[in-house]
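Quick mapping for you: the protein sequence lines, in order, are chains A and B. Per the numbering used here, the first sequence starts with residue 505, numbered consecutively. Per the numbering used here, the second sequence starts with residue 5, numbered consecutively.
No lab work stands behind these hints, which were simulated from the structure alone. Be a bit skeptical, because a hint or two may be false.
Label-pair distances were calculated between CB atoms; the ranges are [unchecked claim]:
| no. | chain 1 | residue 1 | chain 2 | residue 2 | range |
| --- | --- | --- | --- | --- | --- |
| 1 | A | K611 | B | E498 | 37 to 43 angstroms |
| 2 | B | T471 | A | K523 | 34 to 40 angstroms |
| 3 | A | S617 | B | D545 | 35 to 41 angstroms |
| 4 | B | D342 | A | Y609 | 24 to 30 angstroms |
| 5 | A | D592 | B | G315 | 48 to 54 angstroms |
| 6 | A | K611 | B | H564 | 34 to 40 angstroms |
| 7 | A | H622 | B | G315 | 48 to 54 angstroms |
| 8 | A | H622 | B | E532 | 26 to 32 angstroms |
| 9 | B | Q467 | A | K523 | 35 to 41 angstroms |
| 10 | B | E498 | A | Y609 | 33 to 39 angstroms |
| 11 | B | E390 | A | K611 | 24 to 30 angstroms |
| 12 | B | M317 | A | Y609 | 41 to 47 angstroms |
| 13 | B | N291 | A | L624 | 48 to 54 angstroms |
Among the chain A residues that face chain B by a calculated CB cut under 10 angstroms, a handful are [unchecked claim]:
| no. | residue |
| --- | --- |
| 14 | Q535 |
| 15 | T542 |
| 16 | I576 |
| 17 | P578 |
| 18 | V579 |
| 19 | Y609 |
| 20 | I627 |
| 21 | L631 |
| 22 | I634 |
| 23 | T640 |
By construction, the Cβ of each residue, glycine as well, lies at the ideal position given by its N, Cα and C atoms.
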Amino acid sequence: MHMAGKCSCVYNGGMAKKKKTILIIEDEPAQIHALEKTFQKEGYAVHTAENGREGFEAAKAQAPDVVLLDIIMPVMDGIAALEKINSDPATKHIPVIVLTNFALYEKVHPFMSPGKDHFLTKINASLKDIVVKVNTILS
Amino acid sequence: MKLSLTQQALLLCAVTLLTSGIALVWFGNDARALVVAVTVSVAMAAFGVRILFSTIRSLNNLRSRVDEIAKGNYDVITPVRGIGEIERLSEAFNVMAFRLKHHERNLTHKAYQAAVLKEISERITASLDESEAVEIIAGSLGKVVPYSIVSYLTIRPNGTAFLKCHIEESVNKAFSEETKRILFCAFAALKGSALTDEQIEKTICFGAFFDEETKSSVRSHFSLPVYVNGALTGIITVASATPNLYKEDEVGILYAVTEQAGATISKMKDLIAEESNKTHSMLSSINEGLIMVTTKQKISIINEKAKAIIGIMHRDRPSLLDVIQALYGKFDFRGATDRVLASKRTESFQEFTAGASVYKIIANPVKEKDGDVIGVVFVFSDITKEKEVDRMKTEFISITSHQLRTPLSSMKWFLEMLLNNDAGEMPEKQRGIVNDVYTSNERIITLVNDLLDVSRIEAGKMQNEPTPTNLIEFLKSMLPEAQQQFKKRNQVFEFHRPDTLPRVMVDPKLVWQVLSNLLSNASKYTPENGKISFDLSLHNDAVLCTVTDNGFGIPEFQQHRIFEKFFRADNTAKMEGTGLGMHIAQQITEAMGGRLWFESSEGKGTTFYLSLPISNGAQKQEKSVQARGENDILPAL
Numbered sequence: 505m506h507m508a509g510k511c512s513c514v515y516n517g518g519m520a521k522k523k524k525t526i527l528i529i530e531d532e533p534a535q536i537h538a539l540e541k542t543f544q545k546e547g548y549a550v551h552t553a554e555n556g557r558e559g560f561e562a563a564k565a566q567a568p569d570v571v572l573l574d575i576i577m578p579v580m581d582g583i584a585a586l587e588k589i590n591s592d593p594a595t596k597h598i599p600v601i602v603l604t605n606f607a608l609y610e611k612v613h614p615f616m617s618p619g620k621d622h623f624l625t626k627i628n629a630s631l632k633d634i635v636v637k638v639n640t641i642l643s
Numbered sequence: 005m006k007l008s009l010t011q012q013a014l015l016l017c018a019v020t021l022l023t024s025g026i027a028l029v030w031f032g033n034d035a036r037a038l039v040v041a042v043t044v045s046v047a048m049a050a051f052g053v054r055i056l057f058s059t060i061r062s063l064n065n066l067r068s069r070v071d072e073i074a075k076g077n078y079d080v081i082t083p084v085r086g087i088g089e090i091e092r093l094s095e096a097f098n099v100m101a102f103r104l105k106h107h108e109r110n111l112t113h114k115a116y117q118a119a120v121l122k123e124i125s126e127r128i129t130a131s132l133d134e135s136e137a138v139e140i141i142a143g144s145l146g147k148v149v150p151y152s153i154v155s156y157l158t159i160r161p162n163g164t165a166f167l168k169c170h171i172e173e174s175v176n177k178a179f180s181e182e183t184k185r186i187l188f189c190a191f192a193a194l195k196g197s198a199l200t201d202e203q204i205e206k207t208i209c210f211g212a213f214f215d216e217e218t219k220s221s222v223r224s225h226f227s228l229p230v231y232v233n234g235a236l237t238g239i240i241t242v243a244s245a246t247p248n249l250y251k252e253d254e255v256g257i258l259y260a261v262t263e264q265a266g267a268t269i270s271k272m273k274d275l276i277a278e279e280s281n282k283t284h285s286m287l288s289s290i291n292e293g294l295i296m297v298t299t300k301q302k303i304s305i306i307n308e309k310a311k312a313i314i315g316i317m318h319r320d321r322p323s324l325l326d327v328i329q330a331l332y333g334k335f336d337f338r339g340a341t342d343r344v345l346a347s348k349r350t351e352s353f354q355e356f357t358a359g360a361s362v363y364k365i366i367a368n369p370v371k372e373k374d375g376d377v378i379g380v381v382f383v384f385s386d387i388t389k390e391k392e393v394d395r396m397k398t399e400f401i402s403i404t405s406h407q408l409r410t411p412l413s414s415m416k417w418f419l420e421m422l423l424n425n426d427a428g429e430m431p432e433k434q435r436g437i438v439n440d441v442y443t444s445n446e447r448i449i450t451l452v453n454d455l456l457d458v459s460r461i462e463a464g465k466m467q468n469e470p471t472p473t474n475l476i477e478f479l480k481s482m483l484p485e486a487q488q489q490f491k492k493r494n495q496v497f498e499f500h501r502p503d504t505l506p507r508v509m510v511d512p513k514l515v516w517q518v519l520s521n522l523l524s525n526a527s528k529y530t531p532e533n534g535k536i537s538f539d540l541s542l543h544n545d546a547v548l549c550t551v552t553d554n555g556f557g558i559p560e561f562q563q564h565r566i567f568e569k570f571f572r573a574d575n576t577a578k579m580e581g582t583g584l585g586m587h588i589a590q591q592i593t594e595a596m597g598g599r600l601w602f603e604s605s606e607g608k609g610t611t612f613y614l615s616l617p618i619s620n621g622a623q624k625q626e627k628s629v630q631a632r633g634e635n636d637i638l639p640a641l
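Turn these sequences into a full structure, and let the hints steer you where they fit.
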């Protein structure tokens, strides 16, 4: 169990150089807030989007290093957004971490690109786990 | 006039005395009187001797007569002539013989009747078919009376008839035709209408060949009607070439036998009809579809509900083929029948949807008292409502879990941020409180996750992706984190494993879900400073994972409930837990094709066994990458 030890900057790789960018596609404001704060503290440039459509547009416009993607969202859900991201030449190289409480992994799995995309269940992941995952993917 | 023996003796004495008296008076005391008296006495004595001899002869006669009666020969009736007493005695014996003869004949007839009736009733009981009754009676006739031909007509309820004739002695065709004519006459007389050729469905003759050389003709005959439930079901005509063969009393017996056989069948038919009615009403009124198939692949029972489910309401008596065709593509009825007949065990089959309803199909072998399987009975139970309730329940849990997971994960993250001092440095007291809240939140998260797991398992939505898995390597990567719980409780943890294990075709995530549950239970239900060991071993075609603790154990009387949903053992009721863990573990194990069981002794500890089959094919014995063979005693991290 990872209790709240003090967060050091061990995970803060590459800060001296160009800031890594992360796009958070999430409709729940409280969760956007927590994730945004955490990644800013880790030295990331954070972009946010509140639904799948905005998220996909932001991914094209911002070309982030990594995307955190929720599934159950209004306007366009995460599965459709994932499909778009992974089929658009401008975005299909961007690693996506599906971060959701949606329990039906098998519905998402077919749209994930093996090796590039990952799946994390929100309720089982601490912020530290998410940061470690993102840093691992980007290292 | 006949005199009895006594009378004759008295008469002789009287004549002697009288003659002697007269001579004495006549001659006076003279020698002549003496001569007369002596002469008369001698003559009388001679008479007496003759009577004696005659008596002895009569007695001899009588003795031989009685001897004959004793031998059972009642027919030798030679009236004994002679002296009155003996003649009367002889007459009495004759009367007795006559009576005996009569009684014996009666008894013989009765015994005959009883034997024939017994045979007929036995054979009819075995067949339970009234049309066979005629045949059975006709077949038994030979034991009662001699005949040349017996012709018999079996009349079916629809008016058609079978004609059969059994030729016992070779006769010519005309003889047979004559018998048939007599039979038809009897039919016309009994029915009031003649039998037409169209009514006769089949004619069969068997027995001896026709022989046109024989010039015999029908010289004696009689006909027997057979009535069942008041309806004429048959006529038997017996014919012989011998004249005056059938005595009235013999035919009388046969009438009686036939009548009684008809009555027996009537009673049995009534009884069967009553029972069949009861069964039919019962089968029609139950809510389950029922079909019974015999070992001869015939439908012996199908109730209205079953016909409705299958969609063959229009068929009155559907055949096995009708049922198979109606179920084609939905349920392999023949395959299921064969399976149950072979296994002789109850089998349940996949759910079956007909219209808007869902049915569960269970097939039971039908066994006789001696255990012989005589068929299979299929029960179609409507489980539509249960399914709907189940679906709603699953949906409810799923939605609720989702709705709960979002705020819980937000709380989890914010509490984490607080503890990380992201919102500023916290005094120790506040940190302690927030830590407690964090722990409580984690407990709710576990409960919600468990509920969601159960709902997913029940909805058949559990994700199971088996891949060839090297369990040693996999567990080595997973165990270090799990060991933290043992360290916290100062428990010793030992991991024993062989050098190598074949790869197992399982979903490692699911294996870990089961094992992490067993390990955390072992820690939770073992006191501090206790010992937990985890063993991996190969047993035949399965890898066995064993988790042993020396903890509280499970009370014996509750052991059978351990895998029930929400069950908590009495001795752990005060401890944290949802009662879902073991249920989930067992469900997952089943989904993986494995087996989960345990041995426990209260106060001594518990051992859980998880057996995972090495599925056939692809798996080969693989060298573990780590060559270290000794049992790892991993330090608690």
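Here's how the hints hold up against the structure:
1. K611(A) x E498(B): 37 to 43 angstroms: 41 angstroms, holds
2. T471(B) x K523(A): 34 to 40 angstroms: Given about 39 angstroms between the Cβ atoms, the range holds.
3. S617(A) x D545(B): 35 to 41 angstroms: With a Cβ separation near 37 angstroms, S617(A) and D545(B) satisfy 35 to 41 angstroms, so the hint holds.
4. D342(B) x Y609(A): 24 to 30 angstroms: Since D342(B) and Y609(A) have Cβ atoms about 40 angstroms apart, the given range 24 to 30 angstroms is violated.
5. D592(A) x G315(B): 48 to 54 angstroms: Holds: the Cβ-Cβ distance is about 52 angstroms, inside 48 to 54 angstroms.
6. K611(A) x H564(B): 34 to 40 angstroms: With a Cβ separation near 38 angstroms, K611(A) and H564(B) satisfy 34 to 40 angstroms, so the hint holds.
7. H622(A) x G315(B): 48 to 54 angstroms: 51 angstroms Cβ-Cβ, so the 48 to 54 angstroms window holds.
8. H622(A) x E532(B): 26 to 32 angstroms: Hint violated: Cβ distance 38 angstroms, outside 26 to 32 angstroms.
9. Q467(B) x K523(A): 35 to 41 angstroms: Holds, since Q467(B) and K523(A) (Cβ atoms, about 37 angstroms apart) stay within the stated range.
10. E498(B) x Y609(A): 33 to 39 angstroms: 34 angstroms, holds
11. E390(B) x K611(A): 24 to 30 angstroms: 26 angstroms, holds
12. M317(B) x Y609(A): 41 to 47 angstroms: Given about 46 angstroms between the Cβ atoms, the range holds.
13. N291(B) x L624(A): 48 to 54 angstroms: 49 angstroms, holds
14. Q535: 6 angstroms, holds
15. T542: Interface hint status for T542(A): holds (7 angstroms vs cutoff 10 angstroms).
16. I576: 8 angstroms, holds
17. P578: 14 angstroms, violated
18. V579: 18 angstroms, violated
19. Y609: Holds: closest Cβ of chain B sits about 6 angstroms from Y609(A), inside 10 angstroms.
20. I627: This interface hint holds because 4 angstroms falls under the 10 angstroms limit.
21. L631: 5 angstroms, holds
22. I634: 9 angstroms, holds
23. T640: This hint is violated: T640(A) lies away from chain B, its Cβ roughly 15 angstroms from the closest one there, beyond 10 angstroms.
Hints 4, 8, 17, 18 and 23 from the earlier list are contradicted by this structure; the remaining hints agree with it.
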